[in-house]
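**Q** Got chain A; can you put chain B on it based on the hints?
The listed protein sequences correspond, in order, to chains A and B. Quick note: to get the numbering used here, add 1 to the position in the first sequence (first position is 1). Quick note: to get the numbering used here, add 1 to the position in the second sequence (first position is 1).
Honestly, the hints are just simulated from the structure, not real lab data. Hints may contain errors.
Capping the alpha-carbon separation at 20 Å, the derived lysine to aspartate or glutamate pairs in EDC-like fashion look like this [unchecked claim]:
1) A:Lys-222 with B:Asp-159
2) B:Lys-222 with A:Asp-223
3) B:Lys-238 with A:Glu-150
4) B:Lys-222 with A:Glu-242
5) B:Lys-238 with A:Glu-169
6) B:Lys-222 with A:Asp-240
7) A:Lys-222 with B:Glu-242
8) A:Lys-167 with B:Glu-230
9) A:Lys-238 with B:Asp-214
10) A:Lys-167 with A:Glu-142
11) A:Lys-167 with B:Glu-169
12) B:Lys-238 with A:Asp-212
13) A:Lys-238 with B:Glu-169
14) B:Lys-222 with A:Asp-159
15) B:Lys-167 with A:Asp-240
16) B:Lys-167 with A:Glu-230
17) A:Lys-222 with B:Glu-169
18) B:Lys-238 with A:Asp-170
Number of protein chains: 2
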Amino acid sequence: MTYCVAIKCNDGLVFAADTRTAAGVDDVRTYNKLHVLEVPGQRVFVILSAGNLATTQYVLAYARREMNDPNATTSLRTVRHMFDAADYLGQLSVRAQKQAAEANMNVNVETTLILGGQIMGEDPAIYMIYPLGNCISASPEMPFLQIGEIKYGKPILDRFVRPQVKLEDAARCALVSLDSTMRSNISVGPPVDVAILPRDGLAISHSLRLDFDTPYYASLKDSWGRQLENAVRNLPKFDWEVQQSLPLSPHPGSNFVAGQQQRQVDASSHPQQGWQAAQWSSDTDDSGRR
Amino acid sequence: MTYCVAIKCNDGLVFAADTRTAAGVDDVRTYNKLHVLEVPGQRVFVILSAGNLATTQYVLAYARREMNDPNATTSLRTVRHMFDAADYLGQLSVRAQKQAAEANMNVNVETTLILGGQIMGEDPAIYMIYPLGNCISASPEMPFLQIGEIKYGKPILDRFVRPQVKLEDAARCALVSLDSTMRSNISVGPPVDVAILPRDGLAISHSLRLDFDTPYYASLKDSWGRQLENAVRNLPKFDWEVQQSLPLSPHPGSNFVAGQQQRQVDASSHPQQGWQAAQWSSDTDDSGRR
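Bound conformation, chain A alone:
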């Protein structure tokens, strides 16, 4: 498995990826999944990959080879727009999969890619390239794209990432997202790569490889763990806690308190007040529903 994320902010792009690849739990290795291809000062592309490693490497090998071939009719050096770059990589991916499928070995050779970058004179952009070769871009409402094991790390991105966030904050959020994923899925593993591409810089400004024992990563994990713990403890109290605590500690305001707004289950429920009493009654049959 794999987990990669790309974030599009107003100030530029952020990329992050783990480095673990596995062909079964007994064959685990470390591979880059974050690849930078550039024409310095003119265009920068970052490619993230999840899926069959041979297909990914086919795409990267041809993309690099044709980029350096002055006779290539289409390459990352010649495409006019970021969409064309995504389309070009998609076609390379389809070609690699078709070639592998000829052997008909019933192996999944699909790869999903994220392409991000900027071509001079154009806006930065990120695209997700599906195994079919087609692609979608991020949007202001959904300014990030994920591939691989995406679920564990999505909630923090959902809650924090907006187009106006600082690039560094987005990078830290991506690291937290990766950390949550590595904690739950051992097929996603360290070290992690992070790259920042500021808008109109046309060069990666910062790239990091962080392992669990890298001091920065360790301090990030520690800070995040402590802050999350405090955040849960500082959530609004239930009304019975407020009532219980009143005689003992009569200092309201240290936490926001929901006060009398929720109730225990009560036969006389008032759904019009925005809540309903829980009903532990038997349900009727309805076959096939899940």
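**A** Positioned in the frame of chain A, the structure of chain B alone reads:
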């Protein structure tokens, strides 16, 4: 889909569940997935369910019927241990699935259940009951069990839930976990049910049904969103941010700062220091790896 979670703390048990069931996106309804069966003052059982609703309701109907039947050889009223209760429900589930499978309609009739509760004189316990009828319990290292759409809501449980947390904190953590899940999977939806069973109380002390517009739930969401945003913004700065900000705001210590501990990519990497320079080189082929 569904998302349910049960947490075992030293002080007792916490249960939470969404209420959305769907037979396709064009047939969505609200059903309880949190069911309480009790013999007041002697034993309390809470059953959470994810999967085929008819199988679930078969299990609940027979569990209730046999509990109230003085001639039943085995029932939730007669079982000696929580494990036996889990085993009993597992057998009901298998029987429901076998009966439905006789029609051979190629419909998935599997259900996964969580059983939690306490029998007087025994410790409280939570079990996950698989469609095969077998079961596992929680452990001190993994004091919660989830069924249904478990991934989005797992990171916050991983980071916060420990046996020693307060029941109310565990309940708030479960609500946040549910909220993250509902945000990402529309087949998990409000209202949500929460129930708290204090150790040795042998009765549910608090049960709530919360909808998006319930004032408590709204304040919880708001508090969580603001706190998470602050938590990301308070993570340790990258070293280049520290260097940039030094001339402008020379007051260290307001954030923990990783200082000089991470580096930008540099050809002269020092892996023995716990980090490595990112390498954007071409990888070698290795077919079949993902």
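**Q** Which of the stated hints cannot be reconciled with the structure, identified by number in ascending sequence?
**A** The structure breaks hints 2, 3, 11, 17; every other hint is satisfied.
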